[in-house]
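> Here is what each chain is made of, one letter per residue.
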Amino acid sequence: MSEPAAPPEPRASQPDSTRTGPGRLLVAIYALFALSASARAGVQIATKFGHAPVAYLLSAFAGMVYILATVTLAVGSPAARRIAVLSCSVELAGVLAVGTWSLADPATFPDATVWSSYGSGYGFVPLVLPVFGLLWLRRWTRRARTLRTTATSAEDAGEAAGGGAGHGGGGGLGHSAEDVVADGRT
Amino acid sequence: MSSVNGAVPTTIIIAGLALAGYALLMTARNRRMSVPLLAAVGVLEILLLVQVGIIVARLAGGERPAGLATLIGYLIAMPFIPVAAAFWGLAERSRWGPAVIAVAGLVAAVLMVRLHQIWPVIHV
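Protein sequences, first through last, are from chains A and B.
In this text, residue positions in the first sequence follow the working numbering: the first is 1, and each later residue adds one.
In this text, residue positions in the second sequence follow the working numbering: the first is 1, and each later residue adds one.
Don't read these hints as lab results, they were simulated from the structure.
Computed from a predicted model, the values in this text were never measured in an experiment.
Check the hints yourself; a few may be wrong.
[Stated by the list, open to error] Partner residues are not named here, just some residues of chain A that face chain B (Cβ under 7 Å, in silico):
{"hint": "1", "residue": "Gly21"}
{"hint": "2", "residue": "Ala74"}
{"hint": "3", "residue": "Leu135"}
{"hint": "4", "residue": "Arg139"}
[Said to hold, decoys possible] Now the stretches of chain B that chain A is said to cover, found in silico as 3 or more residues with beta-carbon under 8 Å:
{"hint": "5", "segment": "12-25"}
{"hint": "6", "segment": "85-92"}
{"hint": "7", "segment": "95-104"}
Ideal Cβ placement from N, Cα and C applies to all residues, glycine included.
Please work from the sequences and hints to get the whole structure.
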């Protein structure tokens, strides 16, 4: 057992994108569901659409939401993060709505979707996944807000100290500040 | 013959669960991706390729399951699971790399159960 331990430096433990750190695991699971849900829906729609049209269309919709969430979480830019929040929210609403619908009206679902019975056919992962996704994204929104506050106060301090020094100090934060500006009103 | 048939899927389930357990232990102990972990992923890959070969041989022999399209989808996707997990996990420099490998191990085990559901002649 000579596995290298992760470097203890604090900066390395701070993920630098929604796709790193715990996000690495999240994107992997999202990719898995994107593949399985859309491939399954594709086969069902192509071979036996008439059997359970509502279920298959919902499966296809779920597949597209998973693809969107996978890509946006992997990209991780401020704009992508906002789309990721939207797709995770749609996903959570979808699994709750379709889960309830499938239990209340089983006749509409002669065949299961990913979201039937709150995702019980997939170990309830479809129910838990959007919750973790939203929690992970919330951490990023908060960090962006903190950075914006830091950047603004640094700028204020710089202006108070007199122009030139302020610009120099802001340079180091350049990339993060750009992120924050693009993040807009989150 | 049927016991030979079931040997590979059963081995994959045990290997997949063992790999997932080992990888999760590495995550819990804050370890990064390592050579032993990659070697274990390689073993899982070989086992999955053997399983694909066995099923392709059965299909070539003229046998057909009810859900042929689904089975072919599984045959195509199966060998990519450990490879994709290895690349995605290696790109991570923290404990979350092994966590990705754990997912691949669990998925391999679940795939064997699903294969049996799609085509019951594939014993587990």
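> Evaluate each hint against the coordinates.
We went through each hint and held it up to the structure:
1. Interface hint at glycine 21 (chain A): satisfied, since its Cβ lies 6 Å from the closest Cβ of chain B, which is below the 7 Å cut-off.
2. Because the beta carbon of alanine 74 (chain A) sits about 10 Å from the nearest beta carbon in chain B, more than 7 Å, this interface hint is broken.
3. Interface restraint check for leucine 135 (chain A): the shortest CB-CB distance to chain B comes to about 15 Å, outside 7 Å, so the restraint is violated.
4. Taking 7 Å as the C-beta cut-off, the interface hint given for arginine 139 (chain A) is violated, the closest approach to chain B being about 14 Å.
5. Given as covered by chain A, the segment 12-25 of chain B fails the check, having 0 residues with a CB less than 8 Å from a CB of that chain where 3 are the minimum.
6. With 5 residues having a beta carbon nearer than 8 Å to a beta carbon of chain A, the segment 85-92 of chain B meets the requirement of three or more and the stated coverage holds.
7. Counting residues of the segment 95-104 of chain B whose CB lies closer than 8 Å to any CB of chain A gives 6, which reaches the minimum of 3, so the coverage claim holds.
In this structure, the earlier hints numbered 2, 3, 4, 5 are contradicted, and the remaining ones agree with it.
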